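Enquirer: Sequence:
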Amino acid sequence: MTGLPSSSRSPQLTDKANDDLQPVLFLLRLPSLFRHRKTMPSLEPTQEEELKSIVFAFLTGRDIAEIKVRLTIQCHESHINCKELYQAISLPGPSDDTLLKLIIRSLNLSADSIQTQQILSQSKNLYELLKYFAYDGNHQVKYLLNLIENAKVAKDWSEVFLFGTLFTALSGILLYFNKEAVKANFDKFCQWLKIACPTILDWLSRTFAILRNFQLLGIINTSLRLLWNWYSTFSNPTNSTSHKVSLLFFKTITAGLTIAGYCVSFFAGGVMTFPAASLFVLSASIELFKSLFIKLKTQQMFNSLPEPTRDDPWEIWSQYIRLKNLYNRSSETFWIWGASAFLTTVVVAISNFFPPNLIITITSLVIIPLIAWTKNSLVNSINERYARELQSDLRRIPKEKRPSDFIEEKQKLLQQRRDLESEFGKLEESRVALETEQTRLEQEKLSLQQEREQFEQDKERQLREIKRKEEDAKRENDDARLALHMVSQTLTALTTGTPPSKALENIQKTPQSAHRPRNAHSTPPSFDYTPLQQFSLFNSPTQVGDSPDSEEIIRSGAVPPPSDSPMGLPNEPGQTTSISPQ
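Residue numbering for the sequence shown follows UniProt numbering, beginning at 1 and increasing consecutively.
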């Protein structure tokens with residue numbers, strides 16, 4: 001039966017197949033999701049220059065304590081681990097980066113060589129470049145990588161401890177008050193495990209019951225570790241080919257001898273025979289041969305390098321000092337590695353060649369890790385001491401040969417740039433403050449202008465009010481003068497004996513100019529009096545000569561002076577004449 005073509009398949013079957021494949025596709029994409037989850041931080045140019053200058057300063061012999069402090073400062077200022085900071089520095093190329101060119105030059109490498117160009121093209125960032133140099137035999141760079149990896153942001157474990165304490169307390173309380181329920185649930189789980197996984201439990205019981213199956217587990221464990229070493233070595237892009245070959249050579253031989261020993265013991269029914277024990281002892285002694293190989297290789301490299309002369313540049317001197325330091329360090333650590341490998345081989349030989357004994361087995365399991373821990377402690381102490389000696393020896397190179405003069409000058413320029421940026425920041429803050437003050441002054445000026453306009457408006461309003469009051473006062477004054485003129489005319493008419501009707505007629509015939517109107521638009525007053533008002537006017541007890549206008553009229557000669565007597569006779573001094581009503 002032939003399968004249906006893809007175009008004629010049922011959509012329901014296709015959808016069902018896709019639904020079944022979704023979990024598998026998700027599991028296949030899971031590693032890529034975790035791999036691309038972390039994003040690299042973005043660094044400022046000044047920070048990149050500082051991180052590169054730290055690398056160059058270490059390679060030129062700066063003190064390790066100073067390098068640690070500078071790395072710690074960069075780590076705490078950015079709140080990011082130094083390893084991630086160096087992974088965030090891209091490589092534009094040595095021709096475009098003076099510091100990168102100096103770093104390559106300080107390792108006695110040419111930035112234009114084919115090998116260096118290949119390393120730069122394979123390196124994604126500065127951290128990978130340093131790893132290439134470290135695996136290529138530059139032990140000074142390897143120590144710098146340890147410093148970079150150890151410079152981390154301090155983690156805050158308070159929340160973890162608090163959560164753990166609360167979880168432990170709550171779990172204890174629940175277990176204390178629900179003992180029977182917890183025990184019942186545990187028994188149910190054990191019964192389910194026996195029912196669901198009988199095959200696994202039977203296999204485990206048979207495995208631990210049969211002696212030869214221990215060798216089978218050893219074969220599986222050693223094989224898996226060997227495969228993992230091969231995978232990690234070849235998947236690491238920063239390892240050079242020579243370093244991969246030398247690293248896998250000794251690991252493969254050690255694992256192969258161990259697997260061979262397990263196989264011999266397995267086919268012998270789980271009994272430790274002489275050939276199997278010999279293979280285990282030989283596997284343990286490989287570390288001794290490895291340390292001897294490293295010492296001979298370092299000695300060959302050191303002997304092949306001629307001692308530099310006074311005229312040689314700094315790179316030649318630094319390369320010679322590094323190889324000499326590595327040779328002395330390898331000579332000293334060789335005895336540590338050799339003693340550790342010898343003691344480990346003796347312990348393995350005793351545990352394999354002697355009859356099985358509980359005391360020997362426990363002693364071997366305790367002594368072998370103790371030997372390894374002692375070996376690592378001594379080797380780390382020696383590496384630390386020789387790293388400090390290397391930095392001190394590099395500083396002893398004559399100053400005129402050191403390429404650090406340029407970087408020191410550049411550091412001064414960078415510091416001056418930071419100072420200028422700080423001053424510029426202060427000036428910018430002052431400018432902002434001045435602009436704020438100017439805005440405030442402009443607002444105050446605008447408010448003052450508004451107040452001034454309001455004041456001008458109030459002033460004009462007050463002036464109009466004053467002018468209106470002056471006009472009202474003038475009008476009242478004119479009315480008073482007119483009334484006084486009428487009184488004076490009335491008195492004149494009375495003194496001359498003019499009848500009241502005649503006098504009133506004369507007053508009404510007075511010219512318009514004599515009435516003094518209040519303004520150009522006002523009309524002269526009307527003199528249409530009623531008979532009662534005329535009687536009151538001509539019979540009011542008004543004394544003659546009391547008004548200034550009447551005196552003025554009499555002095556002008558328009559009207560003869562009034563007579564003090566009723567008949568026109570003069571009065572005596574101090575005597576006045578009253579006009580009584582007729």
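Since the hints were derived computationally from the structure, they do not count as laboratory data.
Keep in mind it's a predicted model, so treat the numbers as computed, not measured.
Hints may contain errors.
List time: in silico EDC-like cross-link candidates among lysine to aspartate or glutamate, alpha-carbon distance up to 16 angstroms [what the hints assert, rightly or not]:
| # | residue 1 | residue 2 |
| --- | --- | --- |
| 1 | Lys68 | Glu128 |
| 2 | Lys131 | Glu149 |
| 3 | Lys68 | Glu384 |
| 4 | Lys83 | Glu48 |
| 5 | Lys251 | Glu287 |
| 6 | Lys83 | Glu128 |
| 7 | Lys244 | Asp136 |
| 8 | Lys124 | Glu159 |
| 9 | Lys142 | Glu384 |
Label pairs and their calculated CB-CB ranges [as the list claims (entries may be wrong)]:
| # | residue 1 | residue 2 | range |
| --- | --- | --- | --- |
| 10 | Lys297 | Ser381 | 18 to 24 angstroms |
| 11 | Phe189 | Leu224 | 28 to 34 angstroms |
| 12 | Gln115 | Ser381 | 33 to 39 angstroms |
| 13 | Val346 | Leu175 | 44 to 50 angstroms |
| 14 | Gln415 | Ile114 | 33 to 39 angstroms |
| 15 | Gln115 | Leu227 | 17 to 23 angstroms |
| 16 | Lys101 | Glu444 | 56 to 62 angstroms |
| 17 | Thr439 | Lys101 | 47 to 53 angstroms |
| 18 | Arg481 | Leu441 | 37 to 43 angstroms |
Even glycine gets a Cβ: it sits at the ideal position worked out from N, Cα and C.
Enquirer: Run every hint past the structure and note whether it holds.
Expert: Taking the hints in turn, this is what the structure says about them:
no.	hint	result
1	Lys68 x Glu128	violated, 20 angstroms
2	Lys131 x Glu149	holds, 12 angstroms
3	Lys68 x Glu384	holds, 13 angstroms
4	Lys83 x Glu48	holds, 13 angstroms
5	Lys251 x Glu287	holds, 9 angstroms
6	Lys83 x Glu128	holds, 10 angstroms
7	Lys244 x Asp136	holds, 10 angstroms
8	Lys124 x Glu159	violated, 36 angstroms
9	Lys142 x Glu384	holds, 12 angstroms
10	Lys297 x Ser381: 18 to 24 angstroms	holds, 23 angstroms
11	Phe189 x Leu224: 28 to 34 angstroms	holds, 30 angstroms
12	Gln115 x Ser381: 33 to 39 angstroms	holds, 34 angstroms
13	Val346 x Leu175: 44 to 50 angstroms	holds, 49 angstroms
14	Gln415 x Ile114: 33 to 39 angstroms	holds, 38 angstroms
15	Gln115 x Leu227: 17 to 23 angstroms	violated, 31 angstroms
16	Lys101 x Glu444: 56 to 62 angstroms	holds, 59 angstroms
17	Thr439 x Lys101: 47 to 53 angstroms	holds, 51 angstroms
18	Arg481 x Leu441: 37 to 43 angstroms	violated, 58 angstroms
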